[in-house]
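Novice: Listed in order, the protein sequences are those of chains A and B.
The first sequence begins at 1 in our numbering and counts up one residue at a time.
The second sequence begins at 1 in our numbering and counts up one residue at a time.
Hints in this document: simulated from the structure, not taken from any laboratory.
Every value quoted in this text rests on a predicted model; they were computed, and no experiment measured them.
Hints may be right or wrong, so weigh each one.
No copy is singled out in the list; a pair is fine if it fits within one copy or between any two copies.
Mimicking BS3-like on lysine-lysine, the simulated pairs with C-alpha atoms at most 25 Å apart in a straight line are [stated by the list, open to error]:
| no. | residue 1 | residue 2 |
| --- | --- | --- |
| 1 | Lys-88 | Lys-150 |
| 2 | Lys-88 | Lys-35 |
| 3 | Lys-150 | Lys-174 |
| 4 | Lys-66 | Lys-150 |
| 5 | Lys-106 | Lys-66 |
| 6 | Lys-106 | Lys-23 |
| 7 | Lys-106 | Lys-164 |
2 protein chains.
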Amino acid sequence: MRITLLGGTGNIGEGLALRWAPKHDVVIGSRNAEKAEEAAISCEARLSKEGITCVLNGGENAQAIKHSDVVVIALQYQFAIPTAVAIKDQLQGNVIVVSPVVPMTKDGFLRYVPADKYGSAAIEIQAILSNNDVVSAFHTTPAARLIDLKDTLDLDVLVCGSEKPKQTVMELIKDIDGLTPFDAGPLEASYMVESITPLLINVSARNRMKNSSIRIIGQSIE
Amino acid sequence: MRITLLGGTGNIGEGLALRWAPKHDVVIGSRNAEKAEEAAISCEARLSKEGITCVLNGGENAQAIKHSDVVVIALQYQFAIPTAVAIKDQLQGNVIVVSPVVPMTKDGFLRYVPADKYGSAAIEIQAILSNNDVVSAFHTTPAARLIDLKDTLDLDVLVCGSEKPKQTVMELIKDIDGLTPFDAGPLEASYMVESITPLLINVSARNRMKNSSIRIIGQSIE
């Protein structure tokens with residue numbers, strides 16, 4: 001599959017680029033084409049260091065999303081929304097958009113603050129990109145752990161969206177060793193997943209931890 | 001400590017009664033005194049079966065909270081709010097109130113729906129019981145697992161509240177083998193924990209699991 005990471009320079013976009021590049025055609029997008037190309041080359045070098053040879057591409061956002069099957073908006077909320085607006089007209093209707101976006105503010109502690117009108121970042125992005133399927137995922141996946149290629153992860157990923165695109169994204173998550181996807185419901189349920197991000201940052205700060213995440217502990221039904 | 005479980009018949013109240021009874025003075029409260037006394041006797045019998053001898057008391061709510069150090073409102077949201085109102089005048093100011101309460105509605109999937117005015121059940125209960133410290137906890141602790149005394153648990157509990165009462169509750173959580181408390185911030189952060197309850201029920205239903213819970217996976221800071 002061709003996967004474009006918008007915001008693949010630093011943070012979760014870089015981590016996903018590194019983890020997917022061995023199995024997929026990965027493109028890094030940025031408002032600045034040169035920065036995106038540099039990020040792609042830097043990812044290749046990091047993978048090469050681990051003995052993995054693969055090619056990543058980089059380009060300006062509108063260029064980077066061309067012919068993609070999946071576009072991940074790996075940007076902070078305040079950049080994610082204008083970026084969704086900016087790519088709207090170029091995006092083909094069959095492209096799945098993945099949102100790990102979380103609206104947060106700091107006020108003594110970190111709060112989850114979705115826009116009242118939408119209730120979650122995922123629904124807000126879906127309202128902008130109304131011709132595409134938005135799937136929300138990766139809210140509890142620490143970027144630093146994805147980027148560290150020696151990290152075996154062993155983490156769970158909660159995924160919200162419509163059934164068919166959600167299944168595609170869950171398969172892509174399985175392509176990353178150490179990540180297990182869990183169906184967390186329709187996109188309307190995304191607010192209950194998104195709010196775990198600031199919660200985990202608060203938990204990290206208060207319990208002398210870093211890169212906190214969650215695992216789902218359940219008993220299987222026979 | 002003297003701990004009163006309001007709603008100790010079935011659900012998480014019964015589980016906490018069973019787990020705390022060997023170390024604390026546990027009282028089960030109900031609107032119906034007889035039902036509470038029966039629940040206390042039933043807990044004693046279950047513990048006795050595991051070779052643990054201890055005495056639990058039961059009584060009508062107003063009676064059950066007398067001389068307690070900690071009162072847990074182990075009731076569904078729609079019963080928890082009127083119960084908080086009902087006990088307000090009897091409750092001594094130094095009593096810590098623990099809320100595992102989560103406002104939820106079913107609409108295809110389970111949604112977290114706190115009252116707009118308060119933003120979480122914990123803050124709503126704090127508004128009612130304004131002379132007491134409310135601490136929120138146990139939102140991700142499956143009742144069925146607490147009740148099964150052979151279950152070794154190995155679960156994390158996110159705790160929100162003011163520092164001093166929160167520390168007391170975190171110590172009480174440590175008194176239950178297999179539960180690890182994590183400081184998740186002030187009571188104002190409780191909405192981000194409460195919303196995990198319906199999320200986990202949705203995840204259970206969609207992934208052929210039951211009694212889902214979470215563990216916090218973090219890297220410790222040296």
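Novice: If a hint holds in the structure, say so; if it doesn't, say that too.
Specialist: Hint-by-hint comparison with the structure:
Proximity of Lys-88 to Lys-150 under the C-alpha cut-off of 25 Å is found in neither arrangement, the shortest distances being 37 Å within a copy and 55 Å between copies. Only within a single protomer do Lys-88 and Lys-35 lie at most 25 Å apart by alpha-carbon distance; the minimum there is 22 Å, versus 61 Å between protomers. Within a single copy, Lys-150 and Lys-174 get their C-alpha atoms as close as 18 Å, which meets the 25 Å cut-off; across copies the closest is 34 Å, which misses it. In this assembly of identical chains, Lys-66 and Lys-150 lie within 25 Å of each other by CA distance neither inside one copy nor across copies; the values are 32 Å within and 56 Å between.
When the C-alpha separation of Lys-106 and Lys-66 is checked against a cutoff of 25 Å, the pair qualifies neither within a copy, at 36 Å, nor between copies, at 40 Å. For the homomeric pair Lys-106 and Lys-23, neither the shortest alpha-carbon distance inside one copy (38 Å) nor that between copies (39 Å) is at most 25 Å. Taking the closest pair of Cα atoms, Lys-106 and Lys-164 come within 25 Å of each other only across two copies (23 Å); inside a single copy the shortest separation is 36 Å, beyond that limit.
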